[in-house]
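> What the sequence shown shows, in the UniProt record's numbering, is residues 1 to 271, in sequence order.
Check the hints yourself; a few may be wrong.
Stated by the list, open to error - Under the rule of at most 20 Å between Cα atoms (straight-line distance), these lysine to aspartate or glutamate pairs were calculated in the EDC-like manner:
hint : residue 1 : residue 2
1    : 105       : 58
2    : 34        : 247
3    : 29        : 18
4    : 74        : 36
Unchecked claim - Just the calculated beta-carbon pair ranges, DEER-fashion:
hint : residue 1 : residue 2 : range
5    : 49        : 250       : 36 to 42 Å
6    : 28        : 269       : 45 to 51 Å
7    : 29        : 66        : 18 to 24 Å
8    : 107       : 13        : 25 to 31 Å
9    : 229       : 267       : 25 to 31 Å
These are calculated hints, taken from the structure and not from any lab test.
Yeah, the Cβ is synthetic: ideal placement off N, Cα and C, and Gly gets one too.
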Amino acid sequence: MKIKTAAIQMHTVPDKMENIRTAGAYIEKVSAQKPDFVILPEMFCCPYQTENFPVYAEEEGGPAWQAMSGLAEKYQIYLIAGSMPERDADGNIFNTSYIFDRQGKQIGKHRKAHLFDINVKGGQYFRESDTLTPGDHATVFDTEFGKMGVMICYDIRFPEFARTMVLDGAKMIFVPAAFNMTTGPAHWELSFRARALDNQIYMLGCAPARDTQAGYISWGHSIVSDPWGQVRKQLDEKEGILIEEIDLDREDQIREQLPLLKHRKCEMYHL
1 MKIKTAAIQM
11 HTVPDKMENI
21 RTAGAYIEKV
31 SAQKPDFVIL
41 PEMFCCPYQT
51 ENFPVYAEEE
61 GGPAWQAMSG
71 LAEKYQIYLI
81 AGSMPERDAD
91 GNIFNTSYIF
101 DRQGKQIGKH
111 RKAHLFDINV
121 KGGQYFRESD
131 TLTPGDHATV
141 FDTEFGKMGV
151 MICYDIRFPE
161 FARTMVLDGA
171 KMIFVPAAFN
181 MTTGPAHWEL
191 SFRARALDNQ
201 IYMLGCAPAR
211 DTQAGYISWG
221 HSIVSDPWGQ
231 VRKQLDEKEG
241 ILIEEIDLDR
251 EDQIREQLPL
261 LKHRKCEMYH
271 L
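Could you put together the complete structure from these sequences and hints?
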């Protein structure tokens, strides 16, 4: 069974609705190739800075949500709508990815569980927890092709999180993400290859295009890694669309020939 995926590596500007229009234009452009799944970058409609998250935040069902639902329905795609700041009824702000089916119905929602709080000597300083609240669960959703998973950026660094999704049946994990100029060169490709190899799964990461004038500079390099731990395709730092056909039968074959998941000794592992 094969599925076609498209990752949209776009710039993010201060105007939220302009970002939404840009996403729509890209989705319209790629629709001619009839993708099954389209993914947008992390914080695709909000410049990635902690002070922006409360300002741009909407409740579920807000204007950005409605626009994404409409695009999924219009182009008959599964849409992993990158991520956007979500405000709940109590005023908490989350980094949230909404997932819509081909009819525009929300079929999943992932709130970034691991917040990006780092201080690398000579490199990046960033604290998402200054304004964001963490999510509290792994996210797997149902499709006509089987179960799929979604995590957001820093979530990929925690092997247990990806393993949890795979044990819940995920056949592929979609990752809206925004690694930076410190962590990107060091860990971006390595993280996607490692999680794919560990779990014998396809991983698709979608990042914003690089803007050297932004307060937070994205590494870019949207990527697909496969169950053999190889990079199938990767963009550079500029705007673009990554299109890749995913062969789920090959995933099953690799798991049969090198049965890592079956060889686990769960009685030895304690989390």
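> A separate judgement is required for each hint: does it hold in the structure or not?
Tested hints:
Distance restraint check for residue 105 and residue 58: the Cα-Cα separation of roughly 18 Å lies within the 20 Å cut-off, and the hinted pair is therefore satisfied. Simply put, residue 34 and residue 247 have alpha-carbon atoms about 16 Å apart, close enough for the 20 Å limit, and the pair holds. Simply put, residue 29 and residue 18 have alpha-carbon atoms about 16 Å apart, close enough for the 20 Å limit, and the pair holds. For the given pair, residue 74 sits about 13 Å from residue 36 by alpha-carbon distance, which is consistent with the 20 Å threshold.
Distance hint for residue 49 and residue 250: a CB-CB separation of about 40 Å, consistent with the stated range 36 to 42 Å. The beta-carbon spacing between residue 28 and residue 269, approximately 47 Å, falls within the hinted interval of 45 to 51 Å. A hinted range of 18 to 24 Å for the beta carbons of residue 29 and residue 66 is consistent with their spacing of about 21 Å. A C-beta distance of roughly 29 Å is found between residue 107 and residue 13, which places it inside the suggested range of 25 to 31 Å.
Between residue 229 and residue 267 the Cβ separation comes to about 26 Å, which falls inside the hinted range of 25 to 31 Å.
Checked against the numbered hints given earlier, the structure satisfies every one of them.
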